[in-house]
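**Q** From first to last, the protein sequence lines stand for chains G and R.
Heads up: the first sequence at position 211 corresponds to 211 in this note's numbering, and the numbers run straight through without jumps.
Heads up: the second sequence at position 150 corresponds to 150 in this note's numbering, and the numbers run straight through without jumps.
These are calculated hints, taken from the structure and not from any lab test.
Quick caveat, the model's predicted, so the values are computed rather than measured.
Please note that the accuracy of each hint is not assured.
Some chain R residues well away from chain G (every beta-carbon gap over 12 Å; in silico) [as the list claims (entries may be wrong)]:
{"hint": "1", "residue": "V26"}
{"hint": "2", "residue": "L50"}
{"hint": "3", "residue": "A70"}
{"hint": "4", "residue": "A85"}
{"hint": "5", "residue": "V88"}
{"hint": "6", "residue": "R97"}
{"hint": "7", "residue": "V156"}
{"hint": "8", "residue": "A169"}
{"hint": "9", "residue": "W251"}
Label-pair ranges, simulated between beta-carbon atoms [to be verified]:
{"hint": "10", "chain 1": "R", "residue 1": "E246", "chain 2": "G", "residue 2": "R20", "range": "49 to 59 Å"}
{"hint": "11", "chain 1": "R", "residue 1": "R33", "chain 2": "G", "residue 2": "S66", "range": "31 to 41 Å"}
{"hint": "12", "chain 1": "G", "residue 1": "S55", "chain 2": "R", "residue 2": "N38", "range": "52 to 62 Å"}
{"hint": "13", "chain 1": "R", "residue 1": "I69", "chain 2": "G", "residue 2": "L54", "range": "55 to 65 Å"}
Just so it is clear, CB atoms sit at the ideal spot from N, CA and C, and this is done for glycine as well.
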Amino acid sequence: MAEAGRLTATAAPPLRALLRPVTLLRIAIIVAVLGTWELVAASGLLYRDVVPSLSAIAAALGKTLSDPSFYLHLGTTFYEIGLALLFGGASGLAVGLALGASKLLARAYEAFLYYLGPTPKIIFFPVMIMWFGVGAGSKVAMGAISCFFPIALNVAAGMREIDPVLIRVGMSFRANPWQMVSKIYLPAMRHPVINGLRIGLGVALIGTLLAETKLSNRGVGFLVIQAYSLFNMPQMYALLIVLFVIAIGLNALIGRLGGIDEIKRR
Amino acid sequence: MSAPSVARSRVLPAVLGWGTLAFSIVAIEGLIRAGLINRFIVPMPSEILLAFPRIVSEESVLSRFMLTIAEAFSASFLVAIFGIAGGVLLHRFNLLRQATETWVAALAAAPLVLIYPLYLVIFGRSATTIVMMGFTAGLAPTVLKTLEGLSATRRVLVDVGRSFNLTPAQQFWKILFPSALPTIFVGLRLGLIFALINIVGVEFLINFGGLGQLINELAERYDLAGTYAAICFVVLVSVCVFVLMERLERWLRPVD
């Protein structure tokens, strides 16, 4: 009896949370969207198969996730994005540190980065193909170019916001440049660096995947454009769902690791 | 600080920045002429410069530019209407805001451009696909910025409106909207930038439309100098648009 009472007591909060108006509205919106989708799929108002039924998408999602070859393509995409983040991130970090440390360098070069940053990077893809070939190299380069700018600008801005007292402490201990970077600068600007990495990861993902859709024979971007070519709409939706879950999940994960969410909540 | 030292502090960085750019261009030209860089991979900067008049006259760059700008403005028009309306709606109904604000923020961070094959299926290989892609990319930041601007209206202004017994419509048009306008414009600027990036990108990817298609066509013809010149042209156009939008935003921002 006491056991049952304890169970009821622990089960009550989730039920109360479920009955909150916000949660109820969220559920209602999701049900309305899915219901409308299913109705449109059944009515044939749009071209046949453009809006496949939810069951067809779920089946395609299951088939995709249980197919071993999908993980080879996913591995290729992750490998390319990882290398892009490594090269773009390292060069962005170095340039950002240099710009943040010197007012002269910042005034001379930061405007170039600031204005080049938001240009559409995919237009550099033909150049990247000529430089790095049609294989993974050009996709890595696309991702690296994409993530270089936000990381460099965030690091430079973050470095300028470091408390001067910390820098003076480092100098009074006669820290060498490497010690200044590893013991003072990087720990003090952890949040802007992580934020830059988060934005950089998002744009590296876009750059790499778009390049895969343009010219590739492996990777998730290739699978998406192949599904389009074969007019396999359920598979295309399934792949897009997987991509969005990965992108939003990685974004949230990096934000949580860097404590960005805590800063926002403060 | 004396006037000459102020001038020096402004001139020196500009000379360094533009000087480095000029030096890099001259160095690349020299390295290619010396055979240290393959001219079939990187064309000489002088060839790129000479290709500019050619792509303007033979590839009708201006009409392509107008097409891309028209697509960007169509997308921005849709972004402005639906983005501002969305932000106002979320501000007006707090429950809806609580339920969906995190979803809109997640959409703003999501790689939405990847759904372009889906739009190709729905709208075909047409300008509609490109405009809708720009609209999709620019919508979420505009909604969020509109919401932020309306929510940041100073309490005292809202109370002044109440003391004058303003109707909800008057309260919105006389108090909330003018107060939120600078932040809304930041959202619109972000929306336009996102729209422009995606429009040029999708033009390139689907080989249709204005400037993006031009780069793709020149690259497929292996017109190296033309490809580089077209890329430089797109970069210049993007930079000009960003500078223009920034100036407009600064002009709209109230003086503190």
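**Q** All hints are to be evaluated individually against the structure, with a verdict given for each.
**A** Cross-check of the supplied hints:
no., hint, result
1, V26, "17 Å, holds"
2, L50, "18 Å, holds"
3, A70, "17 Å, holds"
4, A85, "17 Å, holds"
5, V88, "18 Å, holds"
6, R97, "9 Å, violated"
7, V156, "25 Å, holds"
8, A169, "26 Å, holds"
9, W251, "19 Å, holds"
10, E246(R) - R20(G): 49 to 59 Å, "42 Å, violated"
11, R33(R) - S66(G): 31 to 41 Å, "57 Å, violated"
12, S55(G) - N38(R): 52 to 62 Å, "54 Å, holds"
13, I69(R) - L54(G): 55 to 65 Å, "40 Å, violated"
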